[in-house]
Amino acid sequence: MNLEKVIFGFFIILAMTLNFGFFVGDIDNPNHHLHYELYVAIVVNLIATILKFGDRTQIGAIHLATSLVADIQLIAAAIIWAAAGDSGANPEVIVGVVSLSGGAFLANITSVVLLIYETVTLRR
Amino acid sequence: MRAPLLLLVVSYAIALIGFVLIPGVNEVGKAIHLTFFQAFYILSYTATTIGFGEIPYPFTNDQRIWMTFSIYLTVVAWFYAIGTIISLFQDPALKQAITAASFKRAITHLHEPFYLICGYGETGSELVRALDKNELRVVVVEINQERIHELGMTDYQFNVPNLCADAKNPDVLLCAGLNNPMCQGVAALTDDDHANLAIAVAVKLIKPELRMLARVENDVVAANMASFGTDHIINPYKIFGEHLAMEVNSLGTYLLHQWLTSVPGDIVKNPPAVPVGNWIVCGYGRFGKAVVKSLQQENLNIRIIEADPKGTNCEACIVGSGVEAHVLQEAGIEDAVGIVAGTDNDINNLSIVMTALEINPNLFVVIRKNRRLNEPLFSHFNADITMQPSDIIAHACLSYMVSPMLAAFLNLSRMQSNSWANAVIARLVMAVGEKAPDTWGVRILPTHASAICQLLEQGHTIRLQHLLLNPANGTEHLAIVPIMLVRGDEKILLPDLNMEVQPGDRYLCCGEDSAKSTQNFLLNDMRNMSYLVTGLELPETYIGRLLLRRKQH
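Heads up: the sequence lines are chains D and A, in that order. Mapping the first sequence onto the working numbering, position 21 (from 1) lands on 23, and the numbers just tick up by one. Mapping the second sequence onto the working numbering, position 527 (from 1) lands on 579, and the numbers just tick up by one.
In isolation and in its complexed conformation, chain D is listed as follows (with noise of 0.2 Å):
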């Protein structure tokens, strides 16, 4: 039992599961998507791209491959959001925070789907 494999798999998840839950509802809705979910999902995704970092495997690199676009998409996600300030509301502003957030899932689902063929193929 590898603690530090726990903790990698833990926030790997932890972060698509968090842009997950910030992406699902209806996309022109401001009220489906709650901003301090967005904010965590940032943090969590932060943490896991600052996990990936040193691994100078083929796998390792497209890990932080994928966690860099998913980071890049929901910070910019963030900036429209704020950019927007008190038009924050208006349903063209919510669409493309929502449409950046689903990028980043994407990118995060492409992550867990590398730790899962990993973690099959290494089974010990």
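One-sided excerpt, in silico: chain D residues whose CB lies under 10 Å from chain A:
id: 1; residue: H37
id: 2; residue: Y38
id: 3; residue: L40
id: 4; residue: V42
id: 5; residue: I44
id: 6; residue: V45
id: 7; residue: A80
id: 8; residue: I81
id: 9; residue: W83
id: 10; residue: A85
id: 11; residue: G87
id: 12; residue: G90
Sample of chain A residues with no beta-carbon within 10 Å of chain D, all distances over it, derived:
id: 13; residue: I137
id: 14; residue: Q142
id: 15; residue: P233
id: 16; residue: G317
id: 17; residue: N330
id: 18; residue: I437
id: 19; residue: P456
id: 20; residue: L497
id: 21; residue: K543
These are computed hints drawn from the structure, not numbers from a lab. We put the beta carbon where it would ideally sit given N, CA and C, even for glycine.
With chain D fixed as given, assemble chain A onto it according to the hints.
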């Protein structure tokens, strides 16, 4: 690397969520919440200790409590992260990797002919200085970091790529450009004979046709080097012995030799005449043996003083170090004409000579200088002949590297008479001045002297004097003296200026640095050269050439 970044993200996250959840009050007292962006903004200028102010409204007490807590949390995390990142860039392993990579890149981008010098001690630094003055590129490998720093602080004309590594290691030699087609030769000048041997073996195995010069002091190692074909083996003691013999019987040849192998621009001292008579030699090591051998060849009477006769295989010598007056008197210092202080300790040498001069002030003094740091003592003392092994090796290497014709010229000059050498010197001084001249080779080939070859093809007669003409004034010569012509297998010393130039000729020229670059330019410039040779101005423009061709038909 991960820990500080994680700490930063987590501390920011905790502080941020607190700012968002704790309500503030606006100007009418209504509770409002900060947005995430406002909280992030406040946190940014708090964590980096900039500190603007409380926006959008002054904080409530609860907010200020949370603010205090975040200050301590995030500022510490921020400083820790920055400190770690800075120390990462100062990691010595990273620095070394960067240095080695930039060295390799400098070598690959070196598109000029260069020499690889292994060992940057006293010999190496003197040689690099001389090569740099001669506009030849150099790459240095040296095992001692301090000497590499010294190289970095010396002001050379060209960039000298250098690496602090052990040259015995063939990987280091390959990294330093052994296989680079621009490498013209390797000089092994470390103070360890076996290291020099290892370098010579590596070079001769990897690139056998590359010129290899090695410094060696032990005869066994020298024989070993010669066996696998090291091109030039330089034994400073043997060379000094030969020089001393030259100084005894042909001073002019010696002076010519010194002149042509010094660093260009240096002032060469006039060598004093070596007296014939009784000589005393203190120290029968390698230096002493070489000196005794050459002085005995000149039929001088020699008495040897040696502190360890068994260790040095000295047969008939007076036991002692020569520092005490009574030992010198036993050797007959009163009726001697000259003394050689040749031990490997500078202070002992100076002490021997000072003691000797007290007894017999008219002695001719030959002293061996080992370390360049004792230079002030020796220059103040001003002995008649000061022998420094590193200078001798450097000048010997220089004569092989500057132009292969120079070594051949020096060998031939030794067979000429003393008065011939004096005549050459007089001619050089008249043309070039009192300082040591530059020496270079001129090849009459389409790649090196294209204008000359074109004129020869057109059927003009080019004489040697045409190669020396000054473009500013068509009748005066540049400050150059051609001292040797190599035509096929034939070597002609001091060719006559009216001689005809043929394609494939090689001339060894001696002269001022500015004259060298002017001549180099001129030999490839068709317009100027044809005017100087034929007196006709060639047209510069296409239309001009067209009109000239029309006129000729």
